[in-house]
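> Got chain Y; can you put chain A on it based on the hints?
2 protein chains.
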Amino acid sequence: MVKLDEQRRSSGSSGASGTERANTVAFERLTAADPWVVDVQPARDVMPGYRDNLVLTSGAPMGWSDYTGGQREALIGGALFEGLAADREGAIAGFADGSIEIGACHDYGAVGSLAGIYTASMPVFVVENRDQGNVGFCNFYEGKEPRRLNYGCYDEGVHERLLHVNTVLAPVVGEAIRRQGGVALKPLIARALRMGDEVHSRNAAASVLFSREILPAVLDMVRDGVAGVRETMLHLAENDYFFLRLSMAASKASADAMVSPGSTLVSAMAFSCRGFAIRLAGLGDQWFEGPPPLHEGKLFPGHTEDEITWMGGESPITETVGLGGFAQACALSLQDYQGGSPELMIERNKEMYAITHGENPTYRIPLFSFGGTPTGIDARKVIDTGILPVMDVGLAGRDGGQIGAGVIRAPRECFEAALRSHAAVHGEV
Amino acid sequence: MVKLDEQRRSSGSSGASGTERANTVAFERLTAADPWVVDVQPARDVMPGYRDNLVLTSGAPMGWSDYTGGQREALIGGALFEGLAADREGAIAGFADGSIEIGACHDYGAVGSLAGIYTASMPVFVVENRDQGNVGFCNFYEGKEPRRLNYGCYDEGVHERLLHVNTVLAPVVGEAIRRQGGVALKPLIARALRMGDEVHSRNAAASVLFSREILPAVLDMVRDGVAGVRETMLHLAENDYFFLRLSMAASKASADAMVSPGSTLVSAMAFSCRGFAIRLAGLGDQWFEGPPPLHEGKLFPGHTEDEITWMGGESPITETVGLGGFAQACALSLQDYQGGSPELMIERNKEMYAITHGENPTYRIPLFSFGGTPTGIDARKVIDTGILPVMDVGLAGRDGGQIGAGVIRAPRECFEAALRSHAAVHGEV
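From first to last, the protein sequence lines stand for chains Y and A. Per the working numbering, the very first residue in the first sequence carries number 249; after that it's consecutive. Per the working numbering, the very first residue in the second sequence carries number 249; after that it's consecutive.
Since the hints were derived computationally from the structure, they do not count as laboratory data. Since the structure is predicted, the reported quantities are computational estimates derived from the model, not experimental observations. There's no promise every hint is true.
No copy is singled out in the list; a pair is fine if it fits within one copy or between any two copies.
[Claimed, not checked] Calculated lysine-lysine pairs in the DSBU-like style (CA-CA distance at most 30 Å, straight line):
hint	residue 1	residue 2
1	K434	K598
2	K546	K392
3	K392	K629
4	K629	K434
Just chain Y, same shape as in the assembly (with noise of 0.2 Å):
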């Protein structure tokens, strides 16, 4: 993360040219990014701060008795997997007396998928901007099984995946990693949107393009012998959600270098069970509280609109950045999964426009006669049209695990409430 005392040192103004030039500051920092994942290792060893009874979940931080739901469900089997506790009951009791610590993954510099439950032995990808020189993390993909634990379930099946992970994918994927010298994620995800991804809900080329480029260090490791790295290649091959954990961790490492006193950009949106909470670029790491997400989604046949529950997520990093939903138009595929026309996708794309403070210069549209991505988003531009950012995601069930996909949005009080906090600093804007 970008030190505040940086915030500091940059010079404060107040007003709306004081505004705009901070937006500016916070969207060329933004911009200039420059993620390079450069490792995979445990929570523990790479996470500063990270303790051993520490479970990190998605959206603001909250207490213990504020977890419901999936999400709840998620804390505990976080807990059972890393064995802070023999079972249920006792994982329970440690988390309502402190001996099980929760934390908020951005306070980590982390991001969680969906429920998004770290613990301390848990790999995550390590990846550095090389423009600032700050570092983003995010933990593995668990794979296709809707029953996972980011959605709320755990069992044998879910603790069987997980290990695997563990003990398998994550420390081929890292040593392949390492071998490389790191591989650069943003040419490779701008390459991804002229390959129909967004890089959140879709992640077909990104995952392949990423295959492909440890292939030099993969082919060199079977040659030396390495175990389980055919499996691993394997499994990459089959999940073309794979990247979507390195698209986020290079999204939470972009976003963390906004830091500009004064900008109204948001550098953060993430939610838990009990709602949707954003972070401004000007106003660090506090968080803007409102309620859960607006949504439109298609579900997986067999479920019913009412299963819809939240049980967090922090993906939205990625439109936080100029990608999701904010580069729907690359990837309009999506239709078949999370619904909608490409008519209605590329609208909602294009009125992102209005809520932006400019184009990416790296991810850009086909399209659009690749136009660059709407980055950077104005929360008095989201005030001043009412048009709320609007995100691709999974959905979870009441009963946990994936029952489809959609889109979701924003609501409006996070960013008023962003604003006021705005105006009582720098005046009104």
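For chain A alone, kept in the frame of chain Y given last:
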């Protein structure tokens, strides 16, 4: 190739409704085709009737003296590469006295890219249509270097790169394909259309997807110490055009299945230095010739319009089966490479529905709500509407080498000639 006696067994019928029925049969045979690449072998070993002194080239067959410019140079280069003559003069004399034979690719079940030179030792992809049992062939992409044999160039560098294909790339790719038990190309192409390719002038996704398909075999080959695997896989990773030759062979194997007496659907489009030619599904191997194609393109820096020259091309076999220019709305990134705007590309693609028999059930366009690509060019509709089939192609320069890319249109005269022959056999259409 599907035998002509199969045609005779089918029922011929006259008149417009007979033509319509014949076209439906041709369309169904085309869209039911199931091309698999099953092997890579030298042309002499797998192409029926291949002879050691035979050099194949693109377009309707002609006598030696009709080949001019880059296509003539390419033929000479082919003879030299194969060692059929000691020098340029010897090659020219050999072609002139018939001791070096010239054939048309299509007559040997193959298709040629640009000048389309095949010699006996050149490895070819063997693509089997598992629906009808017929086989199509295509040789290998030479690499990114603008100076290539198929663009009318032959020198030390071209020689080395062709030899590298023969001795390293093709043996490794062939072994991987055989170890995999073949690779199904139809689902791979369908997938690539959702990833920004049209598999004629853009093959970035298909190339990386193909590498992924053979990855299990490749990893085993590294383990087994097979030579050249790393080098070959890195070559594939760097050559986004690699898949084109597989796309062409798959298209040839599909189009050759269209055999349907009385059909006015186009079963091949090809050109030579002299002119453009088409075949109809209802009229066997007969070519209907016209002048060179019409074109609009974008040239690489430093080149001018008057340098553009025709030296052959049979990659329009992709358009014949509903790919390439007929799927260009999938591949809007091509605006950078071959010129044009997204709007123009979409418009061109939509136009093709007016001259085709139906929508492809497998090859679909996300931007058109997953509507099938316009498939099965009906010569009658081309004449009735005046809309000429559009093709995405590379452009060759007068002095050899690729100097740009663009779209071409098949000339009206070919369709007129074809319909005259059709009418002579079946009455007016």
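> A separate judgement is required for each hint: does it hold in the structure or not?
Structure-based check of all given hints:
| no. | hint | verdict |
| --- | --- | --- |
| 1 | K434 / K598 | within (22 Å within a copy, 34 Å between copies) |
| 2 | K546 / K392 | within (17 Å within a copy, 43 Å between copies) |
| 3 | K392 / K629 | neither (38 Å within a copy, 46 Å between copies) |
| 4 | K629 / K434 | within (27 Å within a copy, 47 Å between copies) |
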